[in-house]
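Fit chain B to the known structure of chain A by using the hints.
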Amino acid sequence: DTGVSQDPRHKITKRGQNVTFRCDPISEHNRLYWYRQTLGQGPEFLTYFQNEAQLEKSRLLSDRFSAERPKGSFSTLEIQRTEQGDSAMYLCASSRGQENTEAFFGQGTRLTVV
Amino acid sequence: GEDVEQSLFLSVREGDSSVINCTYTDSSSTYLYWYKQEPGAGLQLLTYIFSNMDMKQDQRLTVLLNKKDKHLSLRIADTQTGDSAIYFCAESPRWMDSSYKLIFGSGTRLLVRP
Numbered sequence: 001d002t003g004v005s006q007d008p009r010h011k012i013t014k015r016g017q018n019v020t021f022r023c024d025p026i027s028e029h030n031r032l033y034w035y036r037q038t039l040g041q042g043p044e045f046l047t048y049f050q051n052e053a054q055l056e057k058s059r060l061l062s063d064r065f066s067a068e069r070p071k072g073s074f075s076t077l078e079i080q081r082t083e084q085g086d087s088a089m090y091l092c093a094s095s096r097g098q099e100n101t102e103a104f105f106g107q108g109t110r111l112t113v114v
Numbered sequence: 001g002e003d004v005e006q007s008l009f010l011s012v013r014e015g016d017s018s019v020i021n022c023t024y025t026d027s028s029s030t031y032l033y034w035y036k037q038e039p040g041a042g043l044q045l046l047t048y049i050f051s052n053m054d055m056k057q058d059q060r061l062t063v064l065l066n067k068k069d070k071h072l073s074l075r076i077a078d079t080q081t082g083d084s085a086i087y088f089c090a091e092s093p094r095w096m097d098s099s100y101k102l103i104f105g106s107g108t109r110l111l112v113r114p
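Top line first, the protein sequences correspond to chains A and B.
At position 16 of the first sequence (counting the first as 1) the number is 16 in the numbering used here, and the numbers step up by one without a gap.
At position 78 of the second sequence (counting the first as 1) the number is 78 in the numbering used here, and the numbers step up by one without a gap.
It is worth saying that the hints were derived from the structure and are not from the lab.
Every residue, glycine too, gets a C-beta built ideally from N, C-alpha and C.
Please note that a few of the clues may not be correct.
Counterexamples of contact, computed for chain B against chain A with all Cβ distances above 12 Å [stated by the list, open to error]:
| id | residue |
| --- | --- |
| 1 | Leu-10 |
| 2 | Val-12 |
| 3 | Glu-14 |
| 4 | Asp-16 |
| 5 | Asp-54 |
| 6 | His-71 |
| 7 | Asp-78 |
| 8 | Asp-83 |
| 9 | Ser-84 |
| 10 | Leu-110 |
| 11 | Pro-114 |
Listed next, the in silico DSS-like pairs over lysine-lysine satisfying Cα-Cα at most 27 Å (straight line) [claimed, not checked]:
| id | chain 1 | residue 1 | chain 2 | residue 2 |
| --- | --- | --- | --- | --- |
| 12 | B | Lys-68 | B | Lys-56 |
| 13 | A | Lys-57 | B | Lys-36 |
| 14 | B | Lys-36 | A | Lys-11 |
Coverage of chain A stretches by chain B, computed from C-beta distances (three or more under 8 Å per stretch; other residues unrestricted) [what the hints assert, rightly or not]:
| id | segment |
| --- | --- |
| 15 | 37 to 50 |
| 16 | 88 to 97 |
For reference, chain B alone in the conformation it holds in the complex:
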C-alpha cells in the first residue's frame, strides 16, 4: 500500500538545526521529495533524492535516506525564521504506475523561534 507518515510539529530556535522525519511504504518509489508550503501558497519543491543514494546535500539542506527502513529525513542547517512553514515528504510509486503522481505525507509544521 501507499502511505507516507510524518510527525506533525517541530519547534526550533533560530540558528539551530531542524530535522524532519518521514517514513514511506512503497519500495518501488525511485524518487523521494521534500516540498515546502507557506501559508496561502502552493507547494515548492525543496529537494529530492534518488533511491540509490544515501545522502544528498544542497546548501543548508541535507537529505538522508535509509532504504532498508524506508526512512527519509530532511535536515535544515542554521534554521531561519523564514524557514517556518509546513514541510511535506512525498514518494512517487513506480510499480505498475507510470503516472509519476506524488503521494504526500500529512506535513510537519516547522516553527522557528527567534
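This is chain A alone, in the form it adopts within the complex:
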C-alpha cells in the first residue's frame, strides 16, 4: 500500500462547471476525512466517513458540495456550479479510527476556478 492517493492532482475549471475528485484511502482504514486548505491557512475540516456512512459535515460544506463513499473504500467529493471562492487544495486523510491512530494525508487536489 502506497498511502492515500488523490486524483487528479490539479484541476482547472471554469466558473459554473462541476468537478469531482477521488480519494483512495489506505486499505482497511475505516475512517476517511476531507479537508480544504486555502493559501496561507491550515486545513479546515469538511466531512468524515466511517466506512460508508457520512457521519459529520462541516458548515463549510455548502449545498453545492457532496461527498460519497459508496462501498466504504474510495470516496468522491463533487462540487457543483463551482465559484472562484472554491479555489483551494482539497485534502483527503484516512485512519483506522481508534482513539489515537495517525491520520495519513494524501497529496491533495489543487482546484483553480477561473
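Positioned in the frame of chain A, the structure of chain B alone reads:
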C-alpha cells in the same frame, strides 16, 4: 469554541534550535499534534502528545505542553535546511465529538538560513 493559533513565521540559522509555539482553546482535546508540510506536498505527522504528558522527546524533536495555559511548543534541535517547511499545530476535540477530526492552526513557516 475551537481555535488554534500560531505565529506566522520563524527564521533560524542552520544548526540552531527552532521553537514553534501554538495555543489552543479546547480543553477536551486529549491529543495534540504537530504536522509538517513541504511545498506542493500533503501533511506529514511529526509527533503528537497526549494531554496528560508535559513533555515528549523524539530524536531532534521535543514537544512541551502547558495544559493550564493551553500552550504547546515544538523544539527542533540542530535545525537543518531540510527542516524548512510549514509546521501546523492541531488539536482533536473530544467533547461530544467522536469524529477525531483535526482542528489546525494557520501554520508557522520555518526558514532555515545556511
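Each hint, compared with the structure:
Distance check for B:Leu-10 against chain A: the nearest CB is about 15 Å away, which clears 12 Å, and the non-interface claim stands. With a least CB separation of 21 Å from chain A, B:Val-12 remains clear of the 12 Å interface cut-off, as annotated. Every CB of chain A lies more than 12 Å from the CB of B:Glu-14, the least distance being 25 Å, so the non-interface label holds. Non-interface call for B:Asp-16 relative to chain A: holds, since the shortest CB-CB distance, roughly 25 Å, exceeds 12 Å.
With a minimum CB-CB distance of about 18 Å to chain A, B:Asp-54 clears the 12 Å threshold, and the non-interface call stands. The beta carbon of B:His-71 sits about 18 Å from the closest Cβ of chain A, which is more than 12 Å, so the claim that it is off the interface holds. Distance check on B:Asp-78: its Cβ is at least 25 Å (rounded) from any Cβ of chain A, clearing the 12 Å threshold; non-interface status holds. In this structure B:Asp-83 is separated from chain A by more than 12 Å, as the shortest Cβ-Cβ distance comes to about 19 Å.
No Cβ of chain A approaches the Cβ of B:Ser-84 within 12 Å, the least distance being about 17 Å, so the stated non-interface status holds. The beta carbon of B:Leu-110 is kept farther than 12 Å from every beta carbon of chain A, the shortest such distance being approximately 15 Å. B:Pro-114, annotated as away from the interface, keeps every beta carbon of chain A farther than 12 Å; the closest lies near 25 Å. For the suggested pair B:Lys-68 and B:Lys-56, the alpha carbons sit about 17 Å apart, so the restraint of at most 27 Å is met.
Proximity of A:Lys-57 to B:Lys-36 is assessed by CA-CA distance (about 25 Å); at most 27 Å being required, the pair is judged to hold. Between the alpha carbons of B:Lys-36 and A:Lys-11 the distance comes to roughly 24 Å, so the proposed pair stays at or under 27 Å and holds. Given as covered by chain B, the segment 37 to 50 of chain A passes the check, having 7 residues with a CB less than 8 Å from a CB of that chain where 3 are the minimum. Coverage of the segment 88 to 97 of chain A by chain B holds [criterion: at least 3 residues with CB-CB distance below 8 Å; count 4].
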